[in-house]
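Trainee: Listed below, chain by chain, are the residues.
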Amino acid sequence: SAVISQKPSRDICQRGTSLTIQCQVDSQVTMMFWYRQQPGQSLTLIATANQGSEATYESGFVIDKFPISRPNLTFSTLTVSNMSPEDSSIYLCSVTRGSNEQYFGPGTRLTVT
Amino acid sequence: GQQLNQSPQSMFIQEGEDVSMNCTSSSIFNTWLWYKQDPGEGPVLLIALYKAGELTSNGRLTAQFGITRKDSFLNISASIPSDVGIYFCAGDRNSNYQLIWGAGTKLIIKP
Chain H
1 SAVISQKPSR DICQRGTSLT IQCQVDSQVT MMFWYRQQPG QSLTLIATAN
51 QGSEATYESG FVIDKFPISR PNLTFSTLTV SNMSPEDSSI YLCSVTRGSN
101 EQYFGPGTRL TVT
Chain U
114 GQQLNQSPQS MFIQEGEDVS MNCTSSSIFN TWLWYKQDPG EGPVLLIALY
164 KAGELTSNGR LTAQFGITRK DSFLNISASI PSDVGIYFCA GDRNSNYQLI
214 WGAGTKLIIK P
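Which chain is which? The protein sequence lines are H and U, in order. Numbered according to the working numbering, the first sequence spans residues 1 to 113. Numbered according to the working numbering, the second sequence spans residues 114 to 224.
Okay, chain U solo, but in the shape it has when bound (with noise of 0.2 Å):
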């Protein structure tokens, strides 16, 4: 089963605002990767974190590798409406290249 919790399941904000989310375990990853997927798409990535502490951007997303390495967050500023979709987590236990992976956050927008 699955051994990383991502919260929240889904969230309605308003275009304009900041969202956060994030991913926690009780065990150590070597790695976390941040996913976003469309409808009738593949997961496409967006961040991948390799040190502990380490906080990365790319354009209005910035993630963090949490510094106990059981956690990341994943957070999106000024909301567009194509931030709309499903962001998945993603991390490496034992560097073997096998991914565990989060539930997911569905992002919605509201009119």
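Bound conformation, chain H alone (with noise of 0.2 Å):
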């Protein structure tokens, strides 16, 4: 497994305002992942973060609203930009070594007013 932390654990944001999420390893991975989760629901996968390069985003996430870096192979960061109340959700990074067990951090819970 990996230890991962989030920073921050939370933050109350006002709209039209932006968020850096950091995520850090213990450890180098292979792969960092981040999730968005909203109340109640399952996991959404928002984008693979790509050390050195362009993040992979999926369909319904755009890189003007969630840019991404990965400077290196411990380390990552998700902005949320120019921020609207449906941005309101938990927002999970996860890494994996090579397999597909993904290990998650505890979460940043994301409240836009």
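If you are wondering where the hints come from, they were derived from the structure by calculation, not from laboratory data. Since this is a predicted model, take the numbers as computed values, not measurements. Take the hints with a grain of salt, since some may be wrong.
Listed next, the in silico EDC-like pairs over lysine to aspartate or glutamate satisfying Cα-Cα at most 20 Å (straight line) [to be verified]:
(1) Lys223/U <-> Glu128/U
(2) Lys164/U <-> Glu101/H
(3) Lys65/H <-> Asp11/H
(4) Lys7/H <-> Glu154/U
(5) Lys223/U <-> Glu130/U
(6) Lys183/U <-> Glu101/H
(7) Lys164/U <-> Asp205/U
(8) Lys7/H <-> Asp26/H
(9) Lys7/H <-> Asp151/U
(10) Lys223/U <-> Asp151/U
(11) Lys65/H <-> Glu86/H
(12) Lys183/U <-> Glu167/U
Starting from two chains that each stand alone, build the complex the way the hints lay out.
Mentor: This is the structure in structure tokens:
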């Protein structure tokens, strides 16, 4: 497994602003993913964070709204841009080490007012 | 949209009872994973299954990879209060590390 931390753990933001969420892993990992989980719902993959290149986004998610960085093998950021109340959700990062087993961070609970 | 049908959606059980939940799909999967999520936490991997017919245990939890590769089930024996939470199945179809998720089964233990 891996020890994964996320910052912030929660935030309340005003609409129109942006928030950057950090994901830090205790050791190098192959792949990092960003998910959104709306209250009472399952997980929806936003994008795969690729080290040294642009992230790969899933249908319905775009780079202008959710820019992602992954400068090295242990760290990634997700920015939620120009937020609206519909962006209120839990944002989760996960990692793998070359298998399908994904390990998750504790999540960032975002509320947009 | 989701391609995994997870049932039941929720379960109310007595402490000590056995629990069973499953995921089905019309598509073949290469990997099945079972996760548990507690409130305010990220999902925690419970069991990973890689071969059709595989039966794997983790303490009181047992999961099986269906022989048709289109389903999986999770059993919890002799449930205890800390088993409360939401259980998710997830599967990989294309060996590309991207998982498809079930909607979750919420386990509630009656007082």
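Trainee: What hints, given by number in increasing order, does this structure fail?
Mentor: none
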